[in-house]
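Chemist: Construct all of the structure, not just a fragment, from the sequences and the given hints.
Taken in sequence, the protein lines are chains A and B. Its first residue numbered 1, the first sequence is counted upward by one per residue in the numbering used here. Its first residue numbered 1, the second sequence is counted upward by one per residue in the numbering used here.
Bear in mind the hints are in silico, worked out from the structure with no lab data behind them. All values reported here derive from a predicted model rather than from experimental measurement. All C-beta atoms in this analysis are idealised placements derived from N, C-alpha and C, irrespective of residue type, glycine included. Fair warning: there could be bad hints in the mix.
Here are the simulated DSBU-like cross-link-like pairs (lysine-lysine), alpha carbons at most 30 Å apart as the crow flies [unchecked claim]:
| # | chain 1 | residue 1 | chain 2 | residue 2 |
| --- | --- | --- | --- | --- |
| 1 | A | K195 | A | K165 |
| 2 | A | K4 | B | K87 |
| 3 | B | K99 | B | K87 |
| 4 | A | K125 | A | K81 |
| 5 | A | K81 | A | K137 |
| 6 | A | K137 | A | K173 |
| 7 | A | K137 | A | K125 |
| 8 | A | K125 | A | K173 |
| 9 | A | K125 | A | K195 |
| 10 | A | K125 | B | K99 |
| 11 | A | K195 | A | K173 |
| 12 | B | K87 | A | K195 |
| 13 | A | K165 | A | K137 |
| 14 | A | K195 | B | K99 |
| 15 | A | K173 | B | K87 |
Chain B regions said to be covered by chain A (calculated; three or more residues, Cβ under 8 Å) [to be verified]:
| # | segment |
| --- | --- |
| 16 | 103 to 109 |
| 17 | 143 to 156 |
| 18 | 168 to 181 |
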Amino acid sequence: MNLKLPAPVSFAAGLAPALAAGWLLFPRLLYEEVPQPLPFSHEAHAEAAGTTCDGCHALGPDGRFAGVPRVEACAGCHAEKGGSPGVDALVEGYVTPGREVPWLFAARQPDNVFFPHAPHLALAKLECARCHGPQGKSAEARPFARNRISGESRDVWGPSIVRRKANAWDGMKMADCIRCHREAGRESACLDCHK
Amino acid sequence: MEPTANPRERRHRYGMVIDLDRCTGCGACTVACSVENNVPPPPERSTERTGVVWIRVSEAQDPRPAGARSVFVPVPCQQCDDPPCEKVCPQRAVELDPKTGIVAQVAVRCLGCRYCMAACPYHARSFNWFRPEWPDGTAALLNPDVSVRQRGTVEKCSFCAGRLQAAKAKAAAAGSREIDPADYVPACVEACPSRAIVFGDLEDPSSEVARLARESESFRLLPALGTRPKVLYRSVEPWVRASLSQPEVSRG
Chain A
1 MNLKLPAPVS
11 FAAGLAPALA
21 AGWLLFPRLL
31 YEEVPQPLPF
41 SHEAHAEAAG
51 TTCDGCHALG
61 PDGRFAGVPR
71 VEACAGCHAE
81 KGGSPGVDAL
91 VEGYVTPGRE
101 VPWLFAARQP
111 DNVFFPHAPH
121 LALAKLECAR
131 CHGPQGKSAE
141 ARPFARNRIS
151 GESRDVWGPS
161 IVRRKANAWD
171 GMKMADCIRC
181 HREAGRESAC
191 LDCHK
Chain B
1 MEPTANPRER
11 RHRYGMVIDL
21 DRCTGCGACT
31 VACSVENNVP
41 PPPERSTERT
51 GVVWIRVSEA
61 QDPRPAGARS
71 VFVPVPCQQC
81 DDPPCEKVCP
91 QRAVELDPKT
101 GIVAQVAVRC
111 LGCRYCMAAC
121 PYHARSFNWF
131 RPEWPDGTAA
141 LLNPDVSVRQ
151 RGTVEKCSFC
161 AGRLQAAKAK
171 AAAAGSREID
181 PADYVPACVE
191 ACPSRAIVFG
201 DLEDPSSEVA
211 RLARESESFR
221 LLPALGTRPK
231 VLYRSVEPWV
241 RASLSQPEVS
251 RG
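Modeler: Take a look at the structure:
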């Protein structure tokens with residue numbers, strides 16, 4: 001059979017599967033989902049326990065940001081088992097033996113990046129949601145998507161493989177940091193953000 | 001992309017003056033520096049030429065026939081105002097920060113060509129010939145404020161930039177853009193038992209370091225090259241000042 005298609009048609013016929021593979025298949029191959037060690041609901045803690053963000057994520061006077069409270073802080077409310085399997089797992093696995101919960105942080109940048117929360121919160125007065133989205137209101141901890149090659153979190157690149165930003169917080173590559181810094185009239189040097 | 005200073009912030013020019021009459025050559029600065037900056041211990045097969053060191057203590061001899069004296073000279077990156085290493089880097093992995101005067105070596109950007117090492121007249125740069133390895137148990141003691149560099153990259157003293165970053169974050173938490181100078185002291189300065197190194201902001205005329213830098217006993221290594229280092233030395237001995245300004249002697 002000698003099928004002769006016009007050039008644009010055969011070009012499109014080749015391009016379509018290539019794009020499909022690149023955009024749909026590739027992200028699935030590149031990232032693996034890693035479950036969080038415990039189920040954690042921000043919503044439940046804000047509503048049932050009335051805790052505010054800085055009750056758990058506080059900026060210390062030394063300028064360091066305590067990403068998540070140490071397990072003693074959870075122990076105040078979760079000293080005993082009962083209620084839900086999540087609480088049981090927390091008490092049994094971490095509170096009683098005094099072990100820290102190995103949370104996986106989606107926002108985590110590579111090792112060579114220095115990101116201080118202090119200037120962004122105390123000087124620029126930015127909202128958490130500007131960079132993290134609605135995570136503070138979430139009903140469950142997000143599963144962590146890890147890049148199989150670099151080990152980086154997918155949140156650094158962002159959800160769209162072509163880096164289309166539907167929300168301001170989609171992706172936090174170097175260009176995203178610098179774009180916002182430029183909008184604020186700030187030119188940064190390599191050593192401001194790299195260590 | 002030339003980074004420009006942010007108009008809201010004061011410019012700084014961090015620098016140090018090392019008093020050679022006080023230096024005993026004990027090497028405490030080198031050790032403190034390696035611990036602070038996650039410089040790995042040299043593997044057994046490394047030699048004097050292949051190890052990594054950010055502040056090397058070398059020795060200079062009195063060149064006069066009758067003179068049997070010598071002097072110890074600690075040599076960190078001289079933090080030049082006109083750094084030759086920056087000009088030759090094909091990757092732009094070396095950058096003079098106009099806000100602080102610190103010459104940055106961006107490890108992730110470095111491809112390991114070592115042009116900068118050839119360009120540096122002070123031999124203040126090291127190449128990672130080996131994969132960094134930490135003896136059992138010590139990996140947990142690494143400083144989280146400084147990244148570990150890969151094999152195949154060049155590194156050098158950063159004036160303990162991690163400490164500056166921490167000091168800035170502390171100031172920011174208190175609502176300020178200016179650090180308290182007491183919060184930013186490099187590890188070598190802190191460690192020196194004879195207090196031979198004075199560190200501070202050369203731009204601030206009232207600082208101790210700026211005052212010492214103006215004195216006639218203070219000098220730079222190889223001033224004829226025009227690199228304008230922000231690391232200065234001082235000695236009351238004329239032969240020390242004279243010989244360290246010559247290329248032959250300071251190549252230790």
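Chemist: Checking each numbered hint in turn, tell me which of them this model violates, lowest number first.
Modeler: Hints 2, 4 are the ones this structure does not satisfy, whereas the remaining hints hold.
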